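Listed below, chain by chain, are the residues.
There are 2 protein chains.
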Amino acid sequence: MTRTLIHDVAAHSGETITIKGWLHKKRLLGGLNFITLRDRTGLAQSLIQDKDELEKLRGLHIGTVLSLTGMVVADERAPGGAELHDVKVEVLVPVTDEPPIEIDKPLEHKSENLDTLFEHRVIGLRNLQEAGVFKVQAAIKEAARQYLASQDFTEFNSPKLLPGATEGGAEVFKLDYFGKEATLAQSAQFYKQIMVGVFERAYEINPTYRAELSATTRHMTEFIQLDVEMGFVDFDELLNTTGGLLSSVASRVWDTNETELKKWNAQPVKLPEIIPRLALQEVHELYSKATGEDTRGEKDMRPDEERWVTEYAKKNLDSEAVFIVDWPASEMKFYHKKSESDPSLVERADLIFRGVEIATVSMRENRYDVLLQQLKDIAGGDPEADGFRYYLQAFRYGLPAHGGFGMGLERLTQKIIGLKNVKEATLFPRDINRLTP
Amino acid sequence: MTRTLIHDVAAHSGETITIKGWLHKKRLLGGLNFITLRDRTGLAQSLIQDKDELEKLRGLHIGTVLSLTGMVVADERAPGGAELHDVKVEVLVPVTDEPPIEIDKPLEHKSENLDTLFEHRVIGLRNLQEAGVFKVQAAIKEAARQYLASQDFTEFNSPKLLPGATEGGAEVFKLDYFGKEATLAQSAQFYKQIMVGVFERAYEINPTYRAELSATTRHMTEFIQLDVEMGFVDFDELLNTTGGLLSSVASRVWDTNETELKKWNAQPVKLPEIIPRLALQEVHELYSKATGEDTRGEKDMRPDEERWVTEYAKKNLDSEAVFIVDWPASEMKFYHKKSESDPSLVERADLIFRGVEIATVSMRENRYDVLLQQLKDIAGGDPEADGFRYYLQAFRYGLPAHGGFGMGLERLTQKIIGLKNVKEATLFPRDINRLTP
Numbered sequence: 016m017t018r019t020l021i022h023d024v025a026a027h028s029g030e031t032i033t034i035k036g037w038l039h040k041k042r043l044l045g046g047l048n049f050i051t052l053r054d055r056t057g058l059a060q061s062l063i064q065d066k067d068e069l070e071k072l073r074g075l076h077i078g079t080v081l082s083l084t085g086m087v088v089a090d091e092r093a094p095g096g097a098e099l100h101d102v103k104v105e106v107l108v109p110v111t112d113e114p115p116i117e118i119d120k121p122l123e124h125k126s127e128n129l130d131t132l133f134e135h136r137v138i139g140l141r142n143l144q145e146a147g148v149f150k151v152q153a154a155i156k157e158a159a160r161q162y163l164a165s166q167d168f169t170e171f172n173s174p175k176l177l178p179g180a181t182e183g184g185a186e187v188f189k190l191d192y193f194g195k196e197a198t199l200a201q202s203a204q205f206y207k208q209i210m211v212g213v214f215e216r217a218y219e220i221n222p223t224y225r226a227e228l229s230a231t232t233r234h235m236t237e238f239i240q241l242d243v244e245m246g247f248v249d250f251d252e253l254l255n256t257t258g259g260l261l262s263s264v265a266s267r268v269w270d271t272n273e274t275e276l277k278k279w280n281a282q283p284v285k286l287p288e289i290i291p292r293l294a295l296q297e298v299h300e301l302y303s304k305a306t307g308e309d310t311r312g313e314k315d316m317r318p319d320e321e322r323w324v325t326e327y328a329k330k331n332l333d334s335e336a337v338f339i340v341d342w343p344a345s346e347m348k349f350y351h352k353k354s355e356s357d358p359s360l361v362e363r364a365d366l367i368f369r370g371v372e373i374a375t376v377s378m379r380e381n382r383y384d385v386l387l388q389q390l391k392d393i394a395g396g397d398p399e400a401d402g403f404r405y406y407l408q409a410f411r412y413g414l415p416a417h418g419g420f421g422m423g424l425e426r427l428t429q430k431i432i433g434l435k436n437v438k439e440a441t442l443f444p445r446d447i448n449r450l451t452p
Numbered sequence: 016m017t018r019t020l021i022h023d024v025a026a027h028s029g030e031t032i033t034i035k036g037w038l039h040k041k042r043l044l045g046g047l048n049f050i051t052l053r054d055r056t057g058l059a060q061s062l063i064q065d066k067d068e069l070e071k072l073r074g075l076h077i078g079t080v081l082s083l084t085g086m087v088v089a090d091e092r093a094p095g096g097a098e099l100h101d102v103k104v105e106v107l108v109p110v111t112d113e114p115p116i117e118i119d120k121p122l123e124h125k126s127e128n129l130d131t132l133f134e135h136r137v138i139g140l141r142n143l144q145e146a147g148v149f150k151v152q153a154a155i156k157e158a159a160r161q162y163l164a165s166q167d168f169t170e171f172n173s174p175k176l177l178p179g180a181t182e183g184g185a186e187v188f189k190l191d192y193f194g195k196e197a198t199l200a201q202s203a204q205f206y207k208q209i210m211v212g213v214f215e216r217a218y219e220i221n222p223t224y225r226a227e228l229s230a231t232t233r234h235m236t237e238f239i240q241l242d243v244e245m246g247f248v249d250f251d252e253l254l255n256t257t258g259g260l261l262s263s264v265a266s267r268v269w270d271t272n273e274t275e276l277k278k279w280n281a282q283p284v285k286l287p288e289i290i291p292r293l294a295l296q297e298v299h300e301l302y303s304k305a306t307g308e309d310t311r312g313e314k315d316m317r318p319d320e321e322r323w324v325t326e327y328a329k330k331n332l333d334s335e336a337v338f339i340v341d342w343p344a345s346e347m348k349f350y351h352k353k354s355e356s357d358p359s360l361v362e363r364a365d366l367i368f369r370g371v372e373i374a375t376v377s378m379r380e381n382r383y384d385v386l387l388q389q390l391k392d393i394a395g396g397d398p399e400a401d402g403f404r405y406y407l408q409a410f411r412y413g414l415p416a417h418g419g420f421g422m423g424l425e426r427l428t429q430k431i432i433g434l435k436n437v438k439e440a441t442l443f444p445r446d447i448n449r450l451t452p
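If you read the sequences in order, they're chains A and B. My numbering runs 15 ahead of the 1-based position in the first sequence. My numbering runs 15 ahead of the 1-based position in the second sequence.
I should point out that these hints are in silico values taken from the structure, not numbers from a laboratory. Careful, some of the hints might be misleading.
If several chains are the same, the list does not tell them apart, and a pair holds so long as it fits within one copy or across any two.
Below, in silico cross-link-like pairs of lysine-lysine (DSS-like), each with a Cα-Cα straight-line distance of 30 angstroms or less [as the list claims (entries may be wrong)]: (1) Lys353 / Lys103; (2) Lys195 / Lys435; (3) Lys329 / Lys277; (4) Lys125 / Lys435; (5) Lys40 / Lys277; (6) Lys71 / Lys353; (7) Lys125 / Lys195; (8) Lys314 / Lys353; (9) Lys304 / Lys329; (10) Lys348 / Lys391; (11) Lys285 / Lys304; (12) Lys435 / Lys120; (13) Lys41 / Lys125; (14) Lys71 / Lys41; (15) Lys278 / Lys41.
Note that the structure is predicted; figures quoted are calculated from it, not measured.
Excised from the complex, chain A in its bound form (with noise of 0.2 angstroms):
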């Protein structure tokens, strides 16, 4: 008999159906035994009068993969409305050993239970309530890639594979190419830049990879980056852009996953139609006021500060965003823009969204002379080195001003949903200590 999804059950009342799942539940009562079946879109109960069909049933576990046949039932009680009773089991794959982790109710996600939840990770997103954050996480990279569409971007993809080390920084992993050495890509960053002379607009949603020596709530070995990078902008409509992109996003994941969200207590996110800016050294002296601890020396932002500055945005700005602007140019990267009115200054910015950062934008400096003066002074780099060459090229022949961000998408899922570690919203997280499942 052709299968009926779950979520289409209750139309078919009266009728005899065959619903194909997981078995999620069983409560075997003597006299009234349900089962309950799992599909992708949802949970159906069953009534299982029949001693032999029971029988069917019997030593095996949560996870069997079954077909059941009977007669749709109204009941309000039941989820989704409706229940089969005079069920025929059929099973399709036995599972006899009992699953090493609930999937039935919501998994613990103490700091001291995630390595069990990683370890257990192929079975344990099986619950929905775990499945739930990746189908937001889906929800999300849909979202951006609508928001970037309809303001005229074009998806590409750069390659991983990297001749040499190109932002700096030790953090990068190294491998055999054919006898040479290559690097993994700790981000799109020059390619974007580059696709900037060829779509004006261009994004990328891409695996990145660092070679992150700690093991903290925040770093891990390879995420996923959204990275955007835009032509003939300024900073302004720079940061309007990034802006309207977190406000897109987070209002259309409401849209298409509440369910999800609801089941995780999100909060539906409050932003203003402009995310506030506040200057590093405003949030300094305020910081320094309010907790009596003095961080106005500081050339970045402290994590406790993050979290502070984004109560006071609460509170003060009516938003749970905001942009932190004017850092100094002593701690800019080669590519970063200084600020024309102010050369102390570079045209950076962090967004902190609910208490951490999750992205950088900034714009570029795109005059070729300027740029290969920075590479040297800044960064130490011989423009005539593979990793610097190709990219000078693009500036060489002629890039407009421009500028980006990179956006981390599981701090983003980690933020909207409210998980507490970022390798909560990662399907199959990679650190130090970990590279399985």
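Model the placement of chain B on the given structure of chain A, informed by the hints.
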């Protein structure tokens, strides 16, 4: 003055507007000095009458970034039906060196020129015809996602850093992972099967790595694979979904990108509603009869058979694509499923499209015990090894009948456009000889 995009110029007839972009062409004829500007929306012609304005362009080359302000005059001979007169020129970014590759004329794609093409890719992509390939590629991805979403598939991201070789083969890149050995994913095979237990229907558009020692027109070390997997299906439904994806993509891309496709003289794809199926042995026999070359003992398709069967299917089956079915079980991978009606065959198909295999489709063995045996017998794999252990959990705890396919995005792009080499459909190709740009 606010920037007007070039595709909007004609709508401003009689007004003074500003356009911004790259100098695409100069025709300085003394009396009539025309320049063409390129932005992300097209090309616009401008007439420069004032000598001082013209003087600003002296010594500047194609690629110079300009802002042009002038009066819009309708003119049918101009691209877009209008041009700018009385133009004031502002040089935003001067280009003082002549570009190493032509931007305003179609680039040569002869096999002896490809290395030059890729060496100058950073600038060559600004050529509108070249950029068009990647506009089409972006549209193919979008069309594939739309089709898969319409069929209830959920997108996921699997890790590319793996604990060991999985599908086997020597073509695997190895890297040092904090003192342990890691490998780069050769495919999302195991993860997409694992995701059947979570979403039933799952897909990923993801980079894939093969340490291919051969430098042919078909092989790259990094490419983008469309990995699709679906549960609760049989081989027939699986083939129909695979064919449905190809048909849907091939038709939508003509709706969205006819301009780019026509520039390459691409031909619309002819496919019947159901893509025909031919048995491997049948193809060998037809081919042997038609060509006199005996391939009846072969266990695979020869490249010239792939080309031949395309012509055969076009003529006799009215289709530019054909599934080759009934593959010998002697050649199967350990995760393939043998045909129940004839265990000497495996439920696998190769999708041949315009002369090459663009996808391998197969049903997977979903019975834990049988899979375990096949892993040992066929792959010589250790079920306790990190590369297999977690994968096998998915089966031990219940996976339904399922199957899927991997389709190469670059090869699909190549064939839809009609390019000779798959590398022409790759932004920055990687092979044994090339790790740049």
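Hints and how they fare:
1. Lys353 / Lys103: between (72 angstroms within a copy, 28 angstroms between copies)
2. Lys195 / Lys435: between (41 angstroms within a copy, 29 angstroms between copies)
3. Lys329 / Lys277: Within one copy, since 21 angstroms is at most 30 angstroms while 53 angstroms is not.
4. Lys125 / Lys435: The answer is within: 9 angstroms in one copy meets 30 angstroms, while 55 angstroms across copies does not.
5. Lys40 / Lys277: So Lys40 and Lys277 pass the 30 angstroms test inside one copy only (22 angstroms; across, 57 angstroms).
6. Lys71 / Lys353: between (72 angstroms within a copy, 27 angstroms between copies)
7. Lys125 / Lys195: between (44 angstroms within a copy, 28 angstroms between copies)
8. Lys314 / Lys353: within (16 angstroms within a copy, 63 angstroms between copies)
9. Lys304 / Lys329: Result: close within a single copy only, 18 angstroms intra versus 77 angstroms inter.
10. Lys348 / Lys391: within (11 angstroms within a copy, 51 angstroms between copies)
11. Lys285 / Lys304: Only inside one copy: Lys285 and Lys304 sit 26 angstroms apart there, 71 angstroms across copies, limit 30 angstroms.
12. Lys435 / Lys120: Cα proximity of Lys435 and Lys120: one copy only (19 angstroms, versus 54 angstroms across).
13. Lys41 / Lys125: within (27 angstroms within a copy, 66 angstroms between copies)
14. Lys71 / Lys41: within (13 angstroms within a copy, 81 angstroms between copies)
15. Lys278 / Lys41: Close inside one copy (22 angstroms), not across copies (61 angstroms); limit 30 angstroms.
This entry satisfies every hint, going by the numbered hints stated previously.
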